[in-house]
Amino acid sequence: MSTMTFGRAINAGLRKAMEDDPKVLLMGEDIGKLGGVFRITDGLQKDFGAHRVIDTPLAEAAIMGTAVGLAYRGFRPVCEIQFDGFIYPGFDQIVCQVAKLHYRTQGRVKMPITIRVPFGGGIGSPEHHSESPEAYFTHTSGLRVVAVSNPQDAYTMIRQAIACDDPVLYFEPKRRYHTKGEVEEGGALSLAPSMESARTVAAGTDVTLVTYGPLVSTALDAATAAADDGVSIEVIDLRSLAPVDYAVVEASVRRTGRLVITHEAAQSGGLGAEIAASITERCFNFLEAAPVRVTGFDIPYPASKLEKHHLPDLDRILDGVDRALGRPNSQSGLEG
Amino acid sequence: MGHGEAGTAGQGQDMLQLITDKGVRVSHPELDPYIADVTDEELVKLYEDMVVVRRIDTEATALQRQGELALWPPLLGQEASQIGSARALRPDDFVFSSYRENGVAYCRGVDLTDLIRVWRGNASSGWDPYEINMATPQIIIGAQTLHATGYALGIQQDGADSAAVAYFGDGATSEGDVNEAMVFAASFQVPVIFFCQNNHWAISEPVGLQSHIPLAGRAAGFGIPSMRVDGNDVLAVLAATRWALERARSGGGPSFIEAVTYRMGPHTTADDPTRYRDANELEDWRAKDPIARVAALLEASGALTPAMEEQIAAAADGVAKDLRAGCLGLVDPEPEAVFAHVYATPNSWLERQQEHYSRYLAGFSADTTEGSN
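Note that the protein sequences, when read in sequence, are chains A and B.
To convert a position in the first sequence, counted from 1, into my numbering, add 1102.
To convert a position in the second sequence, counted from 1, into my numbering, add 45.
Chain B with its partners taken away, still in its complex shape (with noise of 0.2 angstroms):
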């Protein structure tokens, strides 16, 4: 690799491809090994997997629209990089997220309301993270990136082979907290996976803000080895991972990889891309889309056939359904939610406010009642 040797000037640098934006797959001696066992049945599963979590990411966006969910970060255009990374990892591997890794979440397993309860407002998380090995999303930006330097730690006192996973964002990497994971993941060389989607864009910032060079080339000065991968390329970012967690398994320390994506749609359903980006920036990467790459890829080999795309864009309808179902199905919490689990061990202040709380809301029973007040 020759990537793999710490303090290589310009190391990681270079955006490297197996699947051109055309569709044609390309070799390239340092991925291609983390590869070569890939069929073409496996590439359409991650094609699969990527129009799934486009479709959910559509029926969700709908969903904010209609007024089902008060808030929604749509993944759109970011599908191989969330796919090809998570695809890679175990189910003992721990990830630890931002709110936009939706896809990473569908391939941990999650289920698909829990994957909405938070937008929907109706708790702050979703699912069990050790029922996925997945953290709660954080939506303090970057601060994810020492829990998983923290996990790796642990991983590494327990004498495991597995690996954590912190996925951020560009403008995360001017945040204190991730180039404070970085010294001490690479200070305590734990098994710990800096995946980094540079989406080119922190809500109305451009990436240029964020940093003068490639954000891969940041870690050459922590001392952790670096790729630069094109992040619309799912086999690419998949043979990256790979690699990070090959690293990671054993013994190798800790890596960063730069995923070079782009967010199609805006920050939020609450945000607005007209007022800062130009639309010809949007065209130019929509012809850079990473699930048409694919299909023409496998179109043309003959492993992907019309038939099979109508088969698999029904199936994402069916999960689509299925969320929406889920949505409309959730039930408000109970008021006692409100002070359910601040605390693991009682507690006298909350107790006593609880109680105070409970004979207020009894009050308006009490009042029906006796149609008195």
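The following block holds chain A by itself, in its conformation from the complex (with noise of 0.2 angstroms):
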């Protein structure tokens, strides 16, 4: 067990990785010598060459094209795209080929590709490098979407997505990069929890709160000033965002009867309304309250200045918290 940093987390479950599997290779744009914009994968081409690190030209569509050409001879090609909001030029790849080869190809043809992305904001950043893409990748069949939240999960979700026979997409949030945690490294990724399960961070039984990715430590937070309230909050850390780990939330639920989400993500079309939908599919008697959605808006990402207005804070998410409750809050008086 040792102290290591998120980003750190992450540069040492892609070096086990490589370590464990020589089909395994990275590449992205500025990757190599420079370790990447973020430094996730700061010394990885010196240890292991430029042939399994490699500095690709800035074409996003190539890189994901050329790895799909990468799995078909059956290497295993870790992706790494700059920015969220620079996968786009990728996304027909993405869409129409990663995902849907293994389907086409009736299972002939496997394409276990990691795409790396960065995302979420909270750094102060102009346009572009501070989005929150996930749902359109969720919406996606034939991918694995997961957002890891601390760096145990970093360092074993990064060896699992790579492990995976399937594509995954790894969305890090790069805003808690610098976050320091306990990392027990090595261990047989047989014994790990499922890259599937959810996983209750915190035990409450007023409401069940979900989450992932960025949010998790400020719902935690918004946990503790909520206790100090007399309010009970349960925290669940989604992890997997496709195929979200129903059978967890439930139990939540209806135990709580009560369901709030967060993420910074738009709110319309997005993950929290599936996972609205699905809960009250799932167990509607069980709900005391509409699920509530506590979510960026559905604007453009603003400029950074304006971001604090955007991003859940703790306070949003208490308020959140309240209207699920029926206590007063922002929206009181206001019908639905």
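Calculated directly from the structure, the hints in this document are not laboratory data.
Glycine included, every Cβ here is placed at the ideal spot set by N, Cα and C.
Keep in mind that a hint or two might mislead.
Listed below are several chain A residues computed to face chain B (Cβ distance under 10 angstroms; list not exhaustive) [unchecked claim]: (1) Ala1161; (2) Leu1172; (3) Tyr1205; (4) Gly1209; (5) Ala1349.
The following residues of chain B were derived to be distant from chain A, with all beta-carbon distances above 10 angstroms [as the list claims (entries may be wrong)]: (6) Glu75; (7) Glu86; (8) Asp156; (9) Gly166; (10) Gly195; (11) Asp203; (12) Pro311; (13) Arg331; (14) Val376.
Just the calculated beta-carbon pair ranges, DEER-fashion [stated by the list, open to error]: (15) B:Ser295 - A:Arg1141: 36 to 46 angstroms; (16) B:Glu381 - A:Ala1353: 23 to 33 angstroms; (17) A:Pro1295 - B:Glu396: 14 to 24 angstroms; (18) A:Ser1292 - B:Glu396: 16 to 26 angstroms; (19) B:Ala348 - A:Gly1151: 47 to 57 angstroms; (20) B:Ser295 - A:Ala1405: 15 to 25 angstroms; (21) A:Thr1382 - B:His257: 53 to 63 angstroms; (22) B:Ala385 - A:Thr1382: 27 to 37 angstroms.
Both chains are sitting in their own frames, so use the hints and assemble them into the complex.
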């Protein structure tokens, strides 16, 4: 067990995956000598060589498309998309090829491609550097989507993503890269919790608060603050966004009767809507109140001096909790 | 090779030929060495391949007209481009094609029924790509050029001397994927061949809309040596492909071949070319037919006799008969197939939907047995 930053944990996980399997190779922009703009691949090219840590020309469609060809030949490419907002040139190859080739070929061709995406806001960047595009991918069959929230998961789940025979979008909360945590390195993946499993990170009895990625620590802060106010919040870190581990969410909601979902991504057509619908279908009779979403607004990502108004924070999450509990809140007196 | 050096202005822009439209063998100093070993018997085999794939194409088109196939993309007119290139390949080379390369698939050894499985709507792919080293044909225009480039990067990593071949058309050259593929291929110097069949039409759009210069000329901008050949000349195509393969196998990196041919038929059986192209143009190209010119050449030398031609035509009819029988014998997929292979590993979302749908379907059979509702 050692203490390391979130970013370092991903680096260690990548290193372990490359040591374990010579077919694993990394591709991306500036990931070689520079170690990536966030230094996540720091030192890996030096240790594994330029043939396994490949600086590519600046073309995301080509990064994804050549990864498909490499997978056809039996490699396990790990592609770094430099920023969330830069993934769209590669969208066609991800959605039409990476996601569908296993189905198209009736299981004959596997696409064990991992796509690492630093995502989310809170770092004061210009446009295209703070987006949360996960719902585009959770809506695409054939892909698995995960979002990590702490260094240990970052380490273990990058290894699981790379070992998985399905393509995995691996979302990294860039504003948490410098958060430190304890990480147990090594260890057999077969003994780790399934990549598809959600985790209850704080037990509670009054309301179930579901989130993932960067907002997990905010949600935990909200639970601590609410406890002072006599409200007991159960916090669930989804970890997997496609598929969602509904068994864990459903079991919690059956106990609390109340559901709040929070994410940075825009509200309409988002993951919160999907979770609210699915949980309503599965345990409607256990719900004491309508599910509540606390999300980013349906806007293009705003200028950095405005992002604090866009991103759900502790107070907005608590306001959502109050709505679920029928306590006085910002929407009191409004219909619906 | 005059085209071996990247960056030469105007490289690869003359159309090279070894058999004229009339079936006269002409020599070309750059191409001749690559086909010096091709005997008359081997040329007869190439002729036979072209006759057979044209017959397959005719039969598949008929099957579509009779309602047995949902759609078919004819290759009529492009036989020399496909046979000449595919017959240059080794089994361990890997092909990434579009949907029109049925002649290439034939050369790779595809099972005839697998050739039409997709077009009858029975499955999203026909054959196992690893059995014939040819990827599932790509419908998204040009996307496969990146796959070929990535595969070639894998060949390079493995230290093998095989090659990846990307087949695409003139329309695809406008796609970002094709241009990015050439950037990556040149950057990493991978063993990939960009084989462009310029058949002059991207559905209704003439090649002049895609490019104001010969397509082969574009390769120079990427630093990729290119060759422009008569795509209706099976020998010239064979020679050009061998040139590119030699470069790939010896660490020479990517090559670009523009095979100048013509799509004699519609884009697919759903298309109507009379709406957008001149009948005279079709007649001009009919005079450049890839099969007739080889027949003329072989007949003149006595290597192909009327009796042999009859025998080959009969063999082609036999292939067509097998194709038809395979098509009509295809069994419709079971409902469960709709869920199969979305993921390689179990997925809880899909398992739930599949379970619900199975219960839904089971409800119908329960109604039947109970005779009530």
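Which numbered hints fail: Violated hints: 10, 11 and 20; rest satisfied.
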